[in-house]
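S.K.: Based on the sequences and whatever the hints tell you, model everything.
Protein chains: 2
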Amino acid sequence: MGSTIAFYFDFSSPYGYFAAVQADELERRTGRAVEWKAIMVGSAFKASGNKPLVDQPLKGAYSRHDWERMGRLLQVPYRLPDRFPIPTLAPSRAFWWLADGDPVQAKAYAKAVYHAYFADGRDISDPGVAAEIGREIGVDADVLALAIQDETWKQRLRAETETAIAAGVFGSPYFLVDGEGFWGADRMAMVEDWVKRGGW
Amino acid sequence: MGSTIAFYFDFSSPYGYFAAVQADELERRTGRAVEWKAIMVGSAFKASGNKPLVDQPLKGAYSRHDWERMGRLLQVPYRLPDRFPIPTLAPSRAFWWLADGDPVQAKAYAKAVYHAYFADGRDISDPGVAAEIGREIGVDADVLALAIQDETWKQRLRAETETAIAAGVFGSPYFLVDGEGFWGADRMAMVEDWVKRGGW
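Listed in order, the protein sequences are those of chains A and B.
For the first sequence, position 174 matches number 174 in the working numbering, and the numbering has no gaps at all.
For the second sequence, position 93 matches number 93 in the working numbering, and the numbering has no gaps at all.
Keep in mind that the hints were calculated from the coordinates and are not lab data.
Worth double-checking, as some hints may not be accurate.
Claimed, not checked - With a straight-line cut-off of 27 Å between C-alpha atoms, the simulated DSSO-like cross-links for lysine-lysine are: (1) K154/B x K107/B; (2) K196/A x K107/A; (3) K51/B x K154/B; (4) K46/A x K107/B; (5) K51/A x K154/A; (6) K107/B x K51/A; (7) K107/A x K154/A; (8) K111/B x K154/B; (9) K46/B x K196/B; (10) K46/A x K51/B; (11) K51/A x K46/B; (12) K46/A x K154/A.
Said to hold, decoys possible - These stretches of chain A come out as covered by chain B in the derived footprint (C-beta under 8 Å, 3 or more residues): (13) 55 to 63; (14) 68 to 80; (15) 127 to 133.
Since the structure is predicted, the reported quantities are computational estimates derived from the model, not experimental observations.
Where a beta carbon is used, it is the ideal one built from N, C-alpha and C, also for glycine.
M.R.: Shown next as structure tokens:
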């Protein structure tokens, strides 16, 4: 088994959600562990000069339509949340707090957060909601709520985001394997091919 | 056989080139004719607020690297031309002049133009080069040179670009089939799946 596949995502990113529901399959098909990494893609947008897709003429309409059909293609529930996009500081800090102790639980939490936002339309930017989602997967919600407000995890999220940007990450989802970057849920088949063939 | 698959491309677009080398295969696999449509994607960028990829921090470096590996993946010659991106008025007008008389010849010309630019590094923005490429595939270069300067084909290219933008096209390559749009060379497998299954 070679190095891991780093999987960068923002909880407010529909394509991040569509990648998340396929990440276990990528792990199975490549035999490489997928390392989940929540980042604040808004900071990457500032570095790259990008804007959220929905704020872009033509591309915005295309994206809204594309997300709907991606949900149907992947047969996962999807509905554009009423509040979109949103700042995802609360669940992202919670994610890193969990990841530090138990990456498997952090992954379960990330899946639950994505589902809460894109399937159930819950406001995951609300620290109370972010903590409650933890409770639903068996985490102590009170402790999680404290972690969300704790300076340690605020800094950890900032550091993880800065490290990602320094590694070239500029969007969500973004995959990094053996130093090779792949942007977009569309590229997961290429990630698999790259790993299996050891590059092209 | 259903309706055609419209394939919009700009001659200065590497991803357009990578789509062009796969377009015949898409036609074969779907049983739908692929209708080639040269457009000026710079006009679409004005409408969508986008910029050329190479002018974007992070994304620019990613794209340069991605084009190199896409060439290796598809096993087609590729080298970023010294002048890039360039205005592609000359070969695009020539394309439409040819397409009006013989779409098969226009397609052969489009392939030759892409190859001249991305494999051989020739300056296809030069009307003389655009005409010479026509000569190399058996077209009267003098007549083609006249068409490139002719107001009819200037207007035709503008009209085709405006029609494309009105249909939602905002980048190169872009595919439109049965009213459904797909952006990017990465999406050609989805175009095929969409056609075969009649949508999702």
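S.K.: Work down the list of hints and note, for each, if the structure agrees.
M.R.: Taking the hints in turn, this is what the structure says about them:
no. : hint            : result
1   : K154/B x K107/B : holds, 19 Å
2   : K196/A x K107/A : holds, 24 Å
3   : K51/B x K154/B  : holds, 23 Å
4   : K46/A x K107/B  : violated, 40 Å
5   : K51/A x K154/A  : holds, 23 Å
6   : K107/B x K51/A  : violated, 35 Å
7   : K107/A x K154/A : holds, 19 Å
8   : K111/B x K154/B : holds, 21 Å
9   : K46/B x K196/B  : violated, 34 Å
10  : K46/A x K51/B   : holds, 15 Å
11  : K51/A x K46/B   : holds, 15 Å
12  : K46/A x K154/A  : holds, 19 Å
13  : 55 to 63        : holds (count 6)
14  : 68 to 80        : holds (count 3)
15  : 127 to 133      : violated (count 0)
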